[in-house]
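Undergrad: The lines below spell out each chain.
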Amino acid sequence: MRASARIIAGIVAIVLISAAVAAFAIAWRPAIAAIDPPGPQSFDDALVKRGRDLAAIGNCSDCHTRRGAKNFAGGLPVPTPFGTIFSTNITPEPETGIGRWSEAAFRRAMRSGVNREGQHLYPTFPYDHFTNVSDEDDRALYAFLMTRQPVRAAARDNQLSFPFNQRLAIAGWKLLFLRHDTYQPDPKQSAEWNRGAYLVEGLAHCGACHTPRNALGAERVSAQFAGGDVDDWHAYAINDQSRSPVPWTADALFAYLREGWHPDHGTARGPMAKVVSNLSSVPASDVRAIAAYMAGVSGASTSDRTGPSEAALTRARTASQANAVGASIYTAACASCHEGGRPLPYGGVDLRLSTAISSPDPRNLINIVLSGIEAVEGERSPIMPGFAASMNDEQASALLNYLRARFSDQPAWTGVEKSIQDARRTQTVFLQTSPAPRNAPADPQQREKP
Amino acid sequence: MMTLKVNGREHQVDAETDTPLLYVLRDDLKLNAAKFGCGLGQCGSCTVIVDGKAVLSCVTPMVLLEGKQVTTLEGLGTIAEPAPIQRAFMEEQAAQCGYCIPGMMMRAQALLQRNSKPTDEQIRAELEPHLCRCGTHMRILRAVHRAARLMDTAEASPAANRSAR
Ligand code: FES
Ligand code: FES
Chain A
130 MRASARIIAG IVAIVLISAA VAAFAIAWRP AIAAIDPPGP QSFDDALVKR
180 GRDLAAIGNC SDCHTRRGAK NFAGGLPVPT PFGTIFSTNI TPEPETGIGR
230 WSEAAFRRAM RSGVNREGQH LYPTFPYDHF TNVSDEDDRA LYAFLMTRQP
280 VRAAARDNQL SFPFNQRLAI AGWKLLFLRH DTYQPDPKQS AEWNRGAYLV
330 EGLAHCGACH TPRNALGAER VSAQFAGGDV DDWHAYAIND QSRSPVPWTA
380 DALFAYLREG WHPDHGTARG PMAKVVSNLS SVPASDVRAI AAYMAGVSGA
430 STSDRTGPSE AALTRARTAS QANAVGASIY TAACASCHEG GRPLPYGGVD
480 LRLSTAISSP DPRNLINIVL SGIEAVEGER SPIMPGFAAS MNDEQASALL
530 NYLRARFSDQ PAWTGVEKSI QDARRTQTVF LQTSPAPRNA PADPQQREKP
Chain B
3 MMTLKVNGRE HQVDAETDTP LLYVLRDDLK LNAAKFGCGL GQCGSCTVIV
53 DGKAVLSCVT PMVLLEGKQV TTLEGLGTIA EPAPIQRAFM EEQAAQCGYC
103 IPGMMMRAQA LLQRNSKPTD EQIRAELEPH LCRCGTHMRI LRAVHRAARL
153 MDTAEASPAA NRSAR
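These protein sequence lines map, in sequence, to chains A and B.
For the first sequence, my numbering begins at 130 and goes up steadily by one.
For the second sequence, my numbering begins at 3 and goes up steadily by one.
The set of hints was computed from the structure by calculation and includes no laboratory data.
Here the structure is a predicted model, which is why all the values come from computation and not from measurement.
One thing to keep in mind: the hints can contain errors.
[As the list claims (entries may be wrong)] The calculated PhoX-like cross-link candidates involving lysine-lysine, where the alpha carbons are at most 25 angstroms apart (straight line), are: (1) A:K547 <-> B:K55; (2) B:K7 <-> B:K32; (3) B:K119 <-> B:K55; (4) B:K70 <-> A:K547; (5) B:K32 <-> B:K70; (6) B:K55 <-> B:K32.
Bound conformation, chain A alone:
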């Protein structure tokens, strides 16, 4: 070997070794000593109750429960662009759950995404938001989880490709994207606004779905709430780029988050159904606070609610001429409910108000058309039949294009048929693995209305 080559090899070796040492120093986290599982009676009832409401705001059960399986026992596959990650068991079972975690270990997981053993956790667990959760709230959440029914369910192995299967890689990710500062109230704003901001940015982790992510799966801070992806659904833009035909107000948002629907906006479906189902069971003041804060974030959109304008009528006529198949399907399959004039939740929303149809991404509309809206057990909730069995891809795409042309002023979607094929595949998987919404939409008086 020539001398220069040897020198280069030497330098490379030194760089590699020091990089490895540095990486280890940054990445290494000690284990926190295991404890004997504390008995449920060792926790204060009021604290547990508060933890219960907080867990509902955090929507914890949604990811940590598999359809048909025990609450909080984990095992739900979460698809990511890097592979599939399985949620973990957060019941207080000592061997497979978090029974041997001390409160300090729990808080460290929430704050910096490290488990009791000292391993880095994947950011599918949204600790980039949970850094904002106060010590006090972490204590309540801990008390709630540690008093759940212990379930023995070992975590399933994640299916990730190299280098994403290296937990060391997460340390690098954190270096780049994890901010450790906790939420600071804004003294210029009201107490309610601050409460809402604390919940939205922290435990409720709204941005985890509604903010787009970069190539490494981190939320793009510069595009906060500009709309993102979750499972095979599009999480709408909820900032000033919202495509909702009617601007959101704090009151409308409150009602929507609480009941699961609003006459000007329609019904919360897909992953959002579980969010609203959880929010229907927490103190109304917290939901009000979330609504107050988010109404400020979304600002007012430019469009206004109007009756069928001349433009809309022209659109309806040209759409029917251009797409006779779509028009026929619409008349028989959709109009009877959506033009029936019955108020929500029993009647269908006026499709001119549908965000799904005005959205840049057709997936939500496709999912609803194919799978419908399942009734919530024991409740008078909105329902809609699914049409997967009666339409082939071409027919469904004719319907989708017709709805877009007739009920929005947005340009036609591209690749609708391909999205329909994808949705047929993923919907089957999704329906098998995710829990159905269980809780009643709140406010029974509203539900009594016809």
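Given the coordinates of chain A, work out where chain B with the ligands should sit on it, guided by the hints.
TA: Below, chain B with the ligands alone, put in the same frame as chain A:
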């Protein structure tokens, strides 16, 4: 004029492309097994089988049926020669007023054609879109299980086990 294939026969029907299949079945072809309950796709009483899948005929326009095979309850069996699903419902006395029953039977039939031994849970999930005002749900459940057993043993006798496409 459109061609509609129902229970193995071709019919020329004078219907618009956006006419719901249920209207054509009942009004034009006088096949009255499928019932009009809500007309909104919310009760299941109008269910028929199209190319092997259960479909709500009240919200299925004619335009979607070109080249497809529709099966109604009349196509499964006759009074003299009831199909296993019909026999099972009779033997379990699953009908009270009977209004929901044809729809229930058609969706159960579609289920049994793809899954010959469904569990209780699978039957419940499958029949979820169907309403029964009379509350015969437990008998319907039993009838579907019985039909599954009957189809199993009837395998050898083709007349008793016509399958719907
Ligand atoms: S009549 Fe078709 S579902 Fe009710
Ligand atoms: S038997 Fe009467 S509605 Fe079901």
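Undergrad: Any hints from earlier that this structure breaks? Give me their numbers in increasing order, please.
TA: Result: no hint breaks.
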